[in-house]
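A.B. asks: My request is simple: use the sequences and hints to build the entire structure.
The chain contents come next:
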Amino acid sequence: MLCVFVIDMNIAQAVIQGDRLALARLLTQVENNTPQGRAALIELFPHAGKAHLIGVTGAPGTGKSSLVNQLAMHYRKTEQKRIAIIAVDPSSPFTGGAVLGDRVRMRDLSGDPDVFIRSMATRGSLGGLAQATADIAQVFDAAGFDIVIIETVGAGQSEVDVARLAHTTVVVEAPGLGDDIQAIKAGILEIADVLVVNKADRPGVENTEKALKSMLELAHPTQRVFRHHGINMTAPVPKDDLQINTWIPPIQRTVSTEGRGIVELAEAIEKHVMHLRQSGDWAVHERARLEVELEALIREAMMDHFRENVDPHEVENALKQVVQRKISPWEAVRTLVNGIKEGEINEPRS
Amino acid sequence: MTERKTSLEPGRKIRVLVAKPGLDGHDRGAKVVARALRDAGMEVIYTGLRQTPEMIAEAALQEDVDVVGLSVLSGAHMALAPRIMELLKLNGQTHVKVFIGGIIPDEDLYRLKEMGVTGVYGPGASTDDIIRDVRLAVAG
Numbered sequence: 012m013l014c015v016f017v018i019d020m021n022i023a024q025a026v027i028q029g030d031r032l033a034l035a036r037l038l039t040q041v042e043n044n045t046p047q048g049r050a051a052l053i054e055l056f057p058h059a060g061k062a063h064l065i066g067v068t069g070a071p072g073t074g075k076s077s078l079v080n081q082l083a084m085h086y087r088k089t090e091q092k093r094i095a096i097i098a099v100d101p102s103s104p105f106t107g108g109a110v111l112g113d114r115v116r117m118r119d120l121s122g123d124p125d126v127f128i129r130s131m132a133t134r135g136s137l138g139g140l141a142q143a144t145a146d147i148a149q150v151f152d153a154a155g156f157d158i159v160i161i162e163t164v165g166a167g168q169s170e171v172d173v174a175r176l177a178h179t180t181v182v183v184e185a186p187g188l189g190d191d192i193q194a195i196k197a198g199i200l201e202i203a204d205v206l207v208v209n210k211a212d213r214p215g216v217e218n219t220e221k222a223l224k225s226m227l228e229l230a231h232p233t234q235r236v237f238r239h240h241g242i243n244m245t246a247p248v249p250k251d252d253l254q255i256n257t258w259i260p261p262i263q264r265t266v267s268t269e270g271r272g273i274v275e276l277a278e279a280i281e282k283h284v285m286h287l288r289q290s291g292d293w294a295v296h297e298r299a300r301l302e303v304e305l306e307a308l309i310r311e312a313m314m315d316h317f318r319e320n321v322d323p324h325e326v327e328n329a330l331k332q333v334v335q336r337k338i339s340p341w342e343a344v345r346t347l348v349n350g351i352k353e354g355e356i357n358e359p360r361s
Numbered sequence: 019m020t021e022r023k024t025s026l027e028p029g030r031k032i033r034v035l036v037a038k039p040g041l042d043g044h045d046r047g048a049k050v051v052a053r054a055l056r057d058a059g060m061e062v063i064y065t066g067l068r069q070t071p072e073m074i075a076e077a078a079l080q081e082d083v084d085v086v087g088l089s090v091l092s093g094a095h096m097a098l099a100p101r102i103m104e105l106l107k108l109n110g111q112t113h114v115k116v117f118i119g120g121i122i123p124d125e126d127l128y129r130l131k132e133m134g135v136t137g138v139y140g141p142g143a144s145t146d147d148i149i150r151d152v153r154l155a156v157a158g
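For the record, the sequence lines run as chains Z and S. Numbers in the numbering used here are just positions in the first sequence, counted from 1, shifted up by 11. Numbers in the numbering used here are just positions in the second sequence, counted from 1, shifted up by 18.
Hints were generated in silico from the structure; no laboratory data involved. Heads up, a few of these hints could be off.
[Unchecked claim] Under 10 Å between C-beta atoms, here's a sample of chain Z residues computed to sit facing chain S:
1) Arg31
2) Glu42
3) Arg49
4) Gly108
5) Val115
6) Pro124
7) Ile128
8) Arg129
9) Ser136
10) Arg288
11) Phe317
Where a beta carbon is used, it is the ideal one built from N, C-alpha and C, also for glycine.
C.D. replies: So, in structure tokens, the structure goes:
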């Protein structure tokens, strides 16, 4: 390790005590997955689990950053809560570099010591977040931030990792982005706990809202439509079929550049938190999230184990044979993995 | 507290804050530099226009950057740059390197370098030079 640290005080303790420089440095350590970062995560883990994690996702240019800016300002004004913002932007797949520009929209928050904004590049991760975003959120949580807002990259249809991480997922739409077929496709809209139609001062807002409403109606029908003698008739869905305790995502109109609709959005988020707590879904969510995290760590440990025990030349040889189509990738994996411990690791499904 | 001796451990990305302090609205230079550093594999945090020294130092702290690049075309560089460097130090970010781009008269060049600015780039400066200097500054 090139890096030399002079440690007068444990960095995790400094973070818990509110040292902002220590926090910033630790975030870098955690993002780079250094031994010091991992050690601090272990120490901070018992202190985390209190913050409300809000995910904000949506297509590029729908106004996520401006909305996060407004939401954070609202929380600072009304509730005096400490806010952390993790703003994720994509890394270049070619150079690994990135321009992280979300702060440009968050200048209103500058100068407030109880707001901490951290930009992250995805560094090759494809689910809309970076590999270390969950760990970064945990550090903020342990550092005593009440709300951690996680803004994803401009997400398309399948960047849904944020729903696993956040307690409340806000999906931001804007007028003119797609019709009702887009709205019934699987993916990003499914993960919404709160739907936002931002830029609601633009034409086409009714259509966008209608498409989202009909999508929700398909998912959570409150009445059944049937045709009788060529006439559309409706009947209420029997009470038994209506799942009690089901959260139906509200649709909020906002104009984030003017701060319109933000109070209502904050209320909708608050309602969702109450729903999570009352229904017990909060605990279910926490368990699911930690399960995924545990699984990822196991995978990583297995991978490390593999790298430690298998000669890279063997991997290279296997790759050569695969490239020449002498053996299949599945056979190559079987040979390589059996090299570690015969028969104990399952071969991947073909 | 922890003090960083050298900012680069293996695999660590260079993080650069590109900021426009002061009141001029000419951000093309800043964007060209941000883009060039991105293409050199660095992570560039861009703050946007009209930042106060306090805002820039705060962003540099939160983002734990290695380098701050300032773009000033208003002529106020001799007021803004020292203030920003002072605030960085006050925040404990003594390792952060600062470079400046913009319209900088020759007579100020020497004084800025004396203050510890690692590079000063005027119109026509090559982005390759900036990239090389940033890498050198961070390395050592």
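A.B. asks: Report holds or violated for the interface hint on Arg288(Z), using the least CB-CB distance to chain S and a cut-off of 10 Å.
C.D. replies: Check failed: Cβ of Arg288(Z) comes no nearer than 31 Å to chain S, outside 10 Å.
A.B. asks: Answer holds if the nearest beta-carbon of chain S is closer than 10 Å to that of Val115(Z); otherwise answer violated.
C.D. replies: This interface hint holds because 4 Å falls under the 10 Å limit.
A.B. asks: Have a go at the Gly108(Z) hint: is there a Cβ in chain S nearer than 10 Å to its own Cβ?
C.D. replies: Where the cut-off is 10 Å and the nearest Cβ of chain S is about 4 Å from Gly108(Z), the hint holds.
A.B. asks: Go through the hint on Ile128(Z) and say holds or violated, using the shortest Cβ distance to chain S against 10 Å.
C.D. replies: holds (6 Å)
A.B. asks: Answer holds if the nearest beta-carbon of chain S is closer than 10 Å to that of Pro124(Z); otherwise answer violated.
C.D. replies: holds (9 Å)
A.B. asks: The hint names Glu42(Z) as touching chain S; please verify it with the least Cβ-Cβ distance against 10 Å.
C.D. replies: Constraint on Glu42(Z) satisfied, holds at 9 Å.
A.B. asks: If you take the shortest Cβ to Cβ gap from Ser136(Z) to chain S, is it below 10 Å?
C.D. replies: violated (14 Å)
A.B. asks: Verify the interface restraint on Arg31(Z): the C-beta must sit less than 10 Å from at least one C-beta of chain S.
C.D. replies: holds (6 Å)
A.B. asks: Tell me if the interface restraint on Phe317(Z) is satisfied: Cβ within less than 10 Å of some Cβ in chain S.
C.D. replies: violated (19 Å)
A.B. asks: Hint Arg129(Z) vs chain S: min CB-CB distance below 10 Å?
C.D. replies: With Cβ-Cβ at 6 Å, under 10 Å, it holds.
A.B. asks: So, as I understand it, the hint says Arg49(Z) touches chain S; can you test that by seeing if any CB pair is closer than 10 Å?
C.D. replies: With a closest approach of 14 Å, the Arg49(Z) hint is violated.
Of the numbered hints stated above, those contradicted by the structure are hints 3, 9, 10, 11, listed in ascending order.
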